[in-house]
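Trainee: So the protein sequences, as listed, match chains A and B.
Using the numbering used here, read the first sequence as starting at 1 and increasing by one per residue.
Using the numbering used here, read the second sequence as starting at 114 and increasing by one per residue.
Be a bit skeptical, because a hint or two may be false.
Said to hold, decoys possible - Dumping the calculated BS3-like pairs for lysine-lysine here, alpha-carbon to alpha-carbon at most 25 Å: (1) B/127 / A/71; (2) B/127 / B/168; (3) B/154 / A/42; (4) A/100 / A/56; (5) B/127 / A/100; (6) B/179 / B/168; (7) A/42 / B/127; (8) A/100 / A/68; (9) B/177 / A/100; (10) B/168 / A/100; (11) B/133 / A/71; (12) A/42 / A/56; (13) B/168 / B/133; (14) B/154 / A/100.
Claimed, not checked - Over the 10 Å line for every Cβ pair with chain B, so calculated as not near, a few chain A residues: (15) 12; (16) 28; (17) 43; (18) 58; (19) 79; (20) 82; (21) 100; (22) 101; (23) 110; (24) 113.
Claimed, not checked - Covered stretches of chain B, as calculated for chain A (at least 3 residues, CB under 8 Å): (25) 156–168; (26) 209–219.
Please keep in mind that the hints were generated in silico from the structure rather than gathered at the bench.
Backbone N, C-alpha and C define an ideal beta-carbon position, used for all residues, glycine too.
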Amino acid sequence: GESVGLHLPTLSVQEGDNSIINCAYSNSASDYFIWYKQESGKGPQFIIDIRSNMDKRQGQRVTVLLNKTVKHLSLQIAATQPGDSAVYFCAEGFNFGNEKLTFGTGTRLTIIP
Amino acid sequence: GAVVSQHPSWVICKSGTSVKIECRSLDFQATTMFWYRQFPKQSLMLMATSNEGSKATYEQGVEKDKFLINHASLTLSTLTVTSAHPEDSSFYICSAMYNSPLHFGNGTRLTVT
């Protein structure tokens, strides 16, 4: 079936450096994409989202890029901090987020002090 | 705003017993809530969509008679794991729809002994 996947299961980045987490999706009908951060023992925390009519969206220290041609999504975190260490999930959905989300496999980001 | 609360945060039960998990939207009304399950080091898997005032919609492979969902009010959905077995031990997370994105609770760690 169709799925949302990630290229790298783990990523270690030096504190202060930028990090990029990648995600591949296969359902071309998805029109909404979202990144969540999950710390150990907690629920997912919203980071940033993007609709399919956009290819880039920026937040505070984070940027999401969407390439619909190759069905690729990325999360860039600038000037990483120890608190950024967590598992990051991408998710895809329909109807601009008003329906259920399908989650990718997750990437564990570790910030090295 | 848009806080989702889950209770309990963790529970241990004996095999064969039933466990109820509550999901509440604290500062908004949610006609739709979602229940996810997450095994260690894995992604979130959608179990069912809970709709206020109507029957839940279950994902393929999820037994509706085992995972009973009740969404009796606009701020509360409950998931009851009936006749729990050790293989039901997992992290159960609910989410509620509010003007997208999905807002998640902090999960319930269920351990069946």
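Trainee: With reference to the structure, classify each hint as holding or not holding.
Mentor: Outcome of the hint check:
A hinted pair counts as satisfied when its Cα atoms are at most 25 Å apart, and residue 127 of chain B with residue 71 of chain A does not qualify at roughly 45 Å. Taking the CA atoms of residue 127 of chain B and residue 168 of chain B, the gap is near 28 Å; set against the 25 Å cutoff, the hint is violated. This hinted pair checks out: residue 154 of chain B and residue 42 of chain A have alpha carbons roughly 13 Å apart, not beyond 25 Å. Distance hint between residue 100 of chain A and residue 56 of chain A is fulfilled; the C-alpha atoms sit about 23 Å from each other, no more than 25 Å.
The hinted pair formed by residue 127 of chain B and residue 100 of chain A fails the criterion: a straight-line CA distance of about 32 Å is larger than 25 Å. Between residue 179 of chain B and residue 168 of chain B, the direct Cα distance comes to roughly 14 Å. Compliance with the 25 Å bound is thereby established for this hinted pair. A distance of roughly 24 Å separates the Cα atoms of residue 42 of chain A and residue 127 of chain B; the hinted pair therefore holds under the 25 Å criterion. At most 25 Å may separate the alpha-carbon atoms for a hinted pair to count; residue 100 of chain A and residue 68 of chain A meet this at roughly 20 Å.
A distance of roughly 18 Å separates the Cα atoms of residue 177 of chain B and residue 100 of chain A; the hinted pair therefore holds under the 25 Å criterion. For the suggested pair residue 168 of chain B and residue 100 of chain A, the alpha carbons sit about 16 Å apart, so the restraint of at most 25 Å is met. The straight-line distance between the Cα atoms of residue 133 of chain B and residue 71 of chain A is roughly 39 Å, outside the 25 Å bound, and the hint therefore fails. At most 25 Å may separate the alpha-carbon atoms for a hinted pair to count; residue 42 of chain A and residue 56 of chain A exceed this at roughly 28 Å.
Pair hint residue 168 of chain B plus residue 133 of chain B holds up; C-alpha atoms about 17 Å apart against a cutoff of 25 Å. Simply put, residue 154 of chain B and residue 100 of chain A have alpha-carbon atoms about 22 Å apart, close enough for the 25 Å limit, and the pair holds. Under the 10 Å C-beta cut-off, the non-interface status given to residue 12 of chain A relative to chain B holds; the minimum distance is some 17 Å. For residue 28 of chain A, the shortest C-beta to C-beta distance to chain B comes to about 20 Å, beyond the 10 Å cut-off, and the non-interface label holds.
Residue-level check failed: residue 43 of chain A sits 4 Å from the nearest beta carbon of chain B, not beyond 10 Å. The Cβ of residue 58 of chain A sits about 16 Å from the closest Cβ of chain B, beyond the 10 Å cut-off, so the non-interface label holds. The Cβ of residue 79 of chain A lies farther than 10 Å from every Cβ of chain B, with a closest approach of about 24 Å, so its non-interface assignment holds. The Cβ of residue 82 of chain A lies farther than 10 Å from every Cβ of chain B, with a closest approach of about 21 Å, so its non-interface assignment holds.
Remark: the non-interface label on residue 100 of chain A conflicts with the geometry, its nearest Cβ contact in chain B lying 6 Å away (cut-off 10 Å). For residue 101 of chain A, the shortest C-beta to C-beta distance to chain B comes to about 6 Å, within the 10 Å cut-off, and the non-interface label is violated. The beta carbon of residue 110 of chain A sits about 14 Å from the closest Cβ of chain B, which is more than 10 Å, so the claim that it is off the interface holds. For residue 113 of chain A, the requirement that its beta carbon stay farther than 10 Å from each beta carbon of chain B is met, with the minimum near 24 Å.
Under a criterion of three residues with beta carbons nearer than 8 Å to beta carbons of chain A, the stated coverage of the stretch 156–168 of chain B is upheld, 5 such residues being counted. Here the stretch 209–219 of chain B counts 8 residues with a CB under 8 Å from a CB of chain A, which clears the bar of 3, and the coverage holds.
Figure legend: structure checked against the earlier numbered hints; hints not met, in rising order: 1, 2, 5, 11, 12, 17, 21, 22.
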